[in-house]
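Novice: What follows is the residue order along each chain.
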Amino acid sequence: MSGLSLDATQLDRYSRHIIMDEVGPEGQKRLLESSALVIGAGGLGAPVIQYLAAAGVGHIGVVDDDVVERSNLQRQVIHGDADVGRPKVDSAKDFVTTLNPDVDVDTHQTRLGRSNADLIEGYDVVVDASDNFPTRYLVNDTARLAGIPVSHGAIYKFEGQVTTLHPDGPCYRCLFREAPEPGTVPDCATTGVLGVLPGTVGCIQATEAVKLLLDAGDPLVGRMLFYDAMDMTFDTVPYAEDPDCPVCGDDPIDSIEDVEYADSCGIGAGAD
Amino acid sequence: MQWKLFADLAEVAGDREIRVDVGPGATVGDALDALFEAQPALRDRVLNDSGAVADHINVLRNGENVGADDGLETTLVEGDELALFPPVSGGR
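Line order of the protein sequences matches chains B and V.
Residue numbers for the first sequence follow our numbering, beginning at 232 and rising by one.
Residue numbers for the second sequence follow our numbering, beginning at 6 and rising by one.
Keep in mind the hints are simulated off the structure, nothing from the lab.
Here a beta-carbon is modelled for each residue, glycine too, at the ideal position from N, C-alpha and C.
Residues of chain V placed beyond 10 Å of chain B at every Cβ, according to the derived structure:
id : residue
1  : Asp20
2  : Val27
3  : Asp38
4  : Ala39
5  : Ala43
6  : Pro45
7  : Gly76
8  : Leu77
9  : Glu78
10 : Glu83
Capping the alpha-carbon separation at 16 Å, the derived lysine to aspartate or glutamate pairs in EDC-like fashion look like this:
id : chain 1 : residue 1 : chain 2 : residue 2
11 : V       : Lys9      : V       : Asp85
12 : V       : Lys9      : V       : Asp38
13 : V       : Lys9      : B       : Asp466
14 : B       : Lys388    : B       : Asp418
15 : V       : Lys9      : V       : Glu69
16 : V       : Lys9      : B       : Asp462
17 : B       : Lys442    : B       : Glu264
18 : B       : Lys442    : B       : Glu257
19 : V       : Lys9      : V       : Asp20
20 : B       : Lys388    : V       : Asp13
21 : B       : Lys388    : V       : Asp20
22 : B       : Lys388    : B       : Asp462
23 : V       : Lys9      : V       : Glu86
24 : B       : Lys442    : B       : Glu253
25 : B       : Lys388    : V       : Glu16
26 : V       : Lys9      : B       : Asp459
27 : V       : Lys9      : V       : Glu22
28 : V       : Lys9      : V       : Asp26
Based on the provided sequences and hints, a complete structural model is requested.
Specialist: Dropping the structure here:
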């Protein structure tokens with residue numbers, strides 16, 4: 232829709248964006264012409280999808296292989312009681328369609344793996360709202376090789392971690408070279424999670440995604456934001472590009488073909 | 006010195022903040038040894054099979070990775086804050 236201007240309905244719908252110099256009609260048009268891939272339509276994905284759709288990000292892809300369970304509804308706010316048993320991608324698409332007819336949704340009812348990771352390509356930004364280390368390392372590696380920025384968020388009980396992995400900055404492996412061995416860190420089905428926690432963290436991820444699409448502000452590049460819901464504190468930990476990073480360092484891999492996204496998700500002979 | 010522990014490390018230790026009896030002039034490594042002495046269960050969670058700090062755990066002094074200084078040999082000064090942070094993966 233390049234070259235088209237905003238219609239009257241859009242001028243009204245996005246008026247609170249358009250009135251700001253930092254967005255304006257140009258920025259809003261940019262959002263409408265941009266695309267975001269949200270990986271995971273669960274606790275983090277729900278607010279991300281909600282706010283990207285409301286903001287008028289014109290094309291949203293959603294990847295999730297799960298169906299809605301009743302125990303999801305304590306935090307996954309785009310799914311409703313009547314959606315229990317339905318694929319999350321379908322429920323997510325219905326939510327977006329009801330909220331904003333300007334937005335096209337591409338649903339991928341699948342688990343992201345090495346064989347289909349190329350569906351990341353072509354998107355302007357990727358939002359990692361997944362729930363496991365293999366997917367997170369796969370997203371980092373694939374998006375970095377494709378030159379696509381990632382808004383990363385992860386949660387644990389009452390804590391959140393958010394950072395932005397931009398092609399011009401350090402990647403996730405610069406901070407955490409490899410994943411902990413499976414079983415080291417318990418998952419949220421075992422430990423539980425405060426329902427509103429992924430809301431806070433997902434909203435920060437959506438903020439970062441919108442900023443990246445607008446090319447506005449200072450993204451969380453080279454900074455890991457820690458949120459502690461119990462203490463209600465935010466800490467920022469800086470991190471730098473690691474020249475020895477196997478994905479973005481001086482001697483990077485050129486494909487993910489030989490990376491095993493299991494166990495510690497290590498790369499190369501030096502992996503342990 | 007005081008250690009701050011993030012995510013599952015705090016659970017392994019049973020507390021988010023742990024004070025160790027190590028003062029200025031000692032190294033980050035000394036403070037880490039003292040932490041393991043106070044909370045032995047942390048040793049297996051933090052160290053890998055070869056006895057080094059696991060690749061996925063960041064050792065921070067005043068919010069910055071000690072790798073930027075002298076690693077575990079970094080000398081502590083009065084008021085330093087130490088932290089261990091691992092990645093988390095939840096999202097559902």
